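*Asks:* Read off the chains here:
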Amino acid sequence: MDTIILNTLIFSPLLGIVLLFLWKTKNEISIKWVGVLSTVPSLVLSIYLFFATKFGEDLSRFSISYRWFRFGRNDIEELEKFFAVNFQLNVDSLAVVMLLLTTIISTMAAFSIFKINKNLKGFVSLFLVLETGMLGVFAAGNMILFFLFFEMTLISTFFLTGKWGYEQREKAAYRFLIYNGVGSALLLFVIMTLQARFGTTDISVLTNNLSNIGLELISPISSELRYVLLGAIILAFGIKLPSFPFHSWVLKMHTQAPTPVVMLHAGILLKIGAYGLIRFGLGMFPNEFKDFAPILAFIGVLNLLFGAFVAFIQTDFRFMIAYSSVSHMGFVLMGLGALNELGLEAVIFTVISHGLISAFMFYLIGILLDRTKTTELVEIGGLSQKAPVFSGFLLFGTMALLGLPGLSGFVSEFTSFLALFESQRLLAAIGTIAGILTAVFALSATLKITYGPIRVPDSNVVIEDLNWLEKIPLTVLTGLIVIMGLLPNLVGSEVQVVIHTLINRIWG
Amino acid sequence: MMEFSWIIPLFPLLSFVLILFFGKKLKHFSAYLGIGFVGISFVLSIFTLIERFSNPTYKKEFIWIKIGESHLSAGYEVNQLNALMLFIVSLVSFLVHIYSNGYMKGDKRFPIFYGYLGLFTAAMLALVISPNLLQMYVFWELVGLGSFLLIGFYNTKESAKEAAKKAFIMTRIGDTGFLVGILLLYSKVGTFNFNEIFYAVQAGVLSPRALTVVGLLIFIGAMGKSGQFPLHTWLPDAMEGPTPVSALIHAATMVAAGVYLVATMFPLFVASKTILLIVSIIGGLTAIFAASIGLVQKDLKKILAYSTISQLGYMMLALGSAGYVAGVFHLTTHAFFKALLFLAAGSVIHAVHTQNIDEMGGLWRKMKFTAPLFLIGTLALTGIPLLSGFFSKDEILISVWNHGNPFLFIIAIVTAFMTSFYMFRVFFIVFFGDTSENSKRAHESSLWMIIPMFILGILAVVSGYINTSWFGTYLGNWILDGNEYIKGTHESASTWIMSLGVIVSGLGIYLAWEIYVRKNQKLLRFVNPEGTTYRILSNRYYMDEIYGVTVVPMTRFFSIFLSFIEIVFVKGIMKLVVYIFSLFSTIFIKIQNGQAQTYGAIAFLGLAIVIFLLVLTGGYFKWIL
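Residue numbers (the working numbering), protein chains in the order written: chain A, 941 to 1448; chain B, 443 to 1067.
Just chain A, same shape as in the assembly:
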């Protein structure tokens, strides 16, 4: 029973595709509902897993491993295992948290499929492939499988953006592909090197072998190579995160991709960068990571300030939120650069909080675009008179974005700064300026949109408030943002064990 849980969790979205192919319906509404409902089984299972973790169950009982494929010289018996790749799925508490975040945001994003109106079956199918890819990334037990799922997300995102996006969708899709292609190539280089040297890509085996400082002498790789590999990992996932100066593809994506894809992209796909940095960077090369930490902290603060300053002069709300997203990813690098338990906890809080908040904001932007056909700030104003509920949610999102205490954004921001303050006081202090800037631009934009006299691009535009269907994801995300803001320990205590192990590897 336990062994099918992870398989079902990851692959159940694909059942939706099967259903869509078998069921020759032309009814758009039913296709959309298939999209939404196909994400539900995974959601239920990940909630189950989360509570299983909460009640202290041994997560290893969910692990599965099948012989998958072999290559190399099969005739030599002892070398056989060297070249065998298993189909392994397993989770620890960090992965469970990531899975839960993914399934929640996927289901919420699925609700925005209702705004898509061309080639629906194709969209829903690719959307579900994307979800499976993301889930697989977090549950993969070896790096080849990880890479496979990772590529699955790239390809599906590429098509989803290129086909269903806004005006500059193709440019955005290609830019996405090129940057991520470079990242993938680097990652592949790392994986192949490790496979050749260690004969395995099993993540836990590799982590044990690589991070065990005592075995340095008999390690099959040199210390220089370690730095090269870690550098490649940091670069690959840094591009994904995105960290300055590799962020420009994210802006295009966040402004051109269709709403469900932006929600998943900002909410989950970017977080694979953070997850990869923790799992492969810090996890496998703790000793070398120490040397990279000050640089990461510096780039983190740079990200934070750069994103905030540039967002400050944007005139388009979409771009503003996209830049602020770049800015907030600085917290991930800051937390990693702090090299302490609080720092890693801050990274996880940021991943969750930013996942929820960015999905929330981009969902609202999708609605705004649907109503006014523009996000240019000069063209819209006074919406609170016509759409008070929408405006209320927008104000809430803004408050979450600027780190209002009581909401999840504050927890992520505060813990990041607190963690970095232990080692890099001045740097962290400078970083807090971003908090002021975020307040300035986010609040100005939101007030521009909602307060003051009514202004719409042209008089034909009818501003309707949210309908019940649109309220569902917003309400759920609002609730989660508040819960994470008030009771961060709900997740924080879960990941303690993982964090403790990681930090112990560094400081012994």
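In short, the hints are calculated from the structure, not lab data. It should be emphasised that the depicted structure is a prediction, and the values quoted were computed from it without experimental measurement. We treat Cβ as the ideally placed atom computed from N, Cα and C, and that holds for glycine. All the pointers check out, no bait thrown in.
Stretch-level coverage of chain B by chain A, calculated; a stretch enters the list once three of its residues show a Cβ under 8 angstroms from a Cβ in chain A:
{"hint": "1", "stretch": "585–598"}
{"hint": "2", "stretch": "601–610"}
In silico DSBU-like cross-links for lysine-lysine, where the CA-CA straight-line distance does not exceed 30 angstroms:
{"hint": "3", "chain 1": "A", "residue 1": "Lys1326", "chain 2": "B", "residue 2": "Lys550"}
{"hint": "4", "chain 1": "B", "residue 1": "Lys550", "chain 2": "A", "residue 2": "Lys1411"}
{"hint": "5", "chain 1": "A", "residue 1": "Lys1326", "chain 2": "A", "residue 2": "Lys1055"}
{"hint": "6", "chain 1": "A", "residue 1": "Lys1058", "chain 2": "A", "residue 2": "Lys1411"}
{"hint": "7", "chain 1": "B", "residue 1": "Lys630", "chain 2": "A", "residue 2": "Lys1230"}
{"hint": "8", "chain 1": "B", "residue 1": "Lys466", "chain 2": "A", "residue 2": "Lys1055"}
{"hint": "9", "chain 1": "B", "residue 1": "Lys599", "chain 2": "B", "residue 2": "Lys882"}
{"hint": "10", "chain 1": "A", "residue 1": "Lys1326", "chain 2": "B", "residue 2": "Lys608"}
{"hint": "11", "chain 1": "A", "residue 1": "Lys1326", "chain 2": "A", "residue 2": "Lys1411"}
{"hint": "12", "chain 1": "A", "residue 1": "Lys1111", "chain 2": "B", "residue 2": "Lys1013"}
{"hint": "13", "chain 1": "A", "residue 1": "Lys1111", "chain 2": "A", "residue 2": "Lys1313"}
{"hint": "14", "chain 1": "A", "residue 1": "Lys994", "chain 2": "B", "residue 2": "Lys508"}
{"hint": "15", "chain 1": "B", "residue 1": "Lys550", "chain 2": "B", "residue 2": "Lys469"}
{"hint": "16", "chain 1": "A", "residue 1": "Lys1388", "chain 2": "B", "residue 2": "Lys466"}
{"hint": "17", "chain 1": "A", "residue 1": "Lys1061", "chain 2": "A", "residue 2": "Lys1411"}
{"hint": "18", "chain 1": "A", "residue 1": "Lys1388", "chain 2": "B", "residue 2": "Lys467"}
To give a feel for the contact side, a few chain B residues facing chain A, derived at Cβ under 10 angstroms:
{"hint": "19", "residue": "Gly510"}
{"hint": "20", "residue": "Gln577"}
{"hint": "21", "residue": "Leu626"}
{"hint": "22", "residue": "Ser1005"}
{"hint": "23", "residue": "Val1012"}
{"hint": "24", "residue": "Val1019"}
{"hint": "25", "residue": "Val1020"}
Given the coordinates of chain A, work out where chain B should sit on it, guided by the hints.
*Replies:* Using the frame of chain A, we list chain B on its own:
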């Protein structure tokens, strides 16, 4: 009751949540709901205060975020200052809730107004029972949210929108200083808990320099919230909010939070002479600066706003002069008489539909209750003997004389003079000036508005007697009792200081009388609107304009500079990546020209390279990996 004091902020919060979800259905009933819930909080606060008289401080904490071995905690604490603040906040909030039922009647967004009031009250009540700096910061920001929402309550007005934005951002600048301060403090002492911090301070864990830096940063937070120079410009603009809001938030409670913060962190401030001096200088400067602006303003609410800034400066001056009791005492009395003044002003504005004092006049006969109540507030603020402001102001003057700089004492005296002048200027113009068009239609406000003013009027008179040198310093004795970190700073009475205070106040009233009632031509020259001084004052020292040409363009410039970097550097990298890809593709396109000779040559070349490398490395690509 103290062990359940956490429940006090929950009632207004509940009222906020209920109104948020059911406001449309509740309609006018929202007011009764809000009043009821805050009323419960008020009653519970009274119980808490009474219980605290006879019991020691109660404190409880639990884990909020676990970090490895340590953790960040949350909880609540009822010490003397907290109990007193609970009482003040819930009382003023309760009265403002009642008052608003009259003042906001007929407003389209009536229910949500009560919702926002509830949210603010909840945050403010939670703020004053916070047992650690982190939690204080949390609610510190949340009261800012409440203030923001209520300033921008008239959401179709452009000016209200700008004022709300400005309030949020200006206080956020201060808050960021506060944030860095507590982060720095945590990195030094490893705790946010007040008592543990004070213990560490006493034990000398912090170097004098660190102490000064931390103190200064925390004080920046207090400056932002309490509208201290130069972060004060948001407070006069905040008068865009409905008047009951100004009374509650921008006179009695939230703006006093900065003073409360300094008072709470007093043991840390006392440990550094430098920081105390800075606090007193900023306080004194703000007091006289804002009072001088108040002399010539024409907007009734703005005059009161500048008066508030000035009085908050007074409290800071007291705290900076080691006058812990004086600061807290003035905070208490000020809460009552300034809330009274604002509510009375609201009653006037409600009647004449303008805020410009030149368009009022002759209201003494028209508003039989409001006028005398406004007079009581004015007298209390001016420091006329036997009213509350007299005792608390006297206490401040004594502290400044005993511990502060003589120069600051002069500033305090001049401010007292200015205060009485501008307050009586307002009073004479509004109630005894020539009756204007607007005043003719004026009528007295409803009982919903009169009763809260009446209660505040009583308090404005009697609240001074909790701490007098004549009948006993009950407040001072109680608040210092058992507080091991604050030394007894009680001052003995001084007749000449008391007399001096009364004399300058009297002088101010006399001058206002001569100029605005008797229209003394000789003196009128001094208030000539064409004069340079007058213009500088009525333009508020051009502070907004100065920010407009310095901070704002600088930030913009820096942003544009960074986006320039983005275009040159980041896009450059992107172009490079694209270029490399297309370079490869051109090469490979050339290779694939369809000719067998080329393919053969390349295949052969490739094979040669591979063999060469294998021979060179002994059959294994060791050096590559």
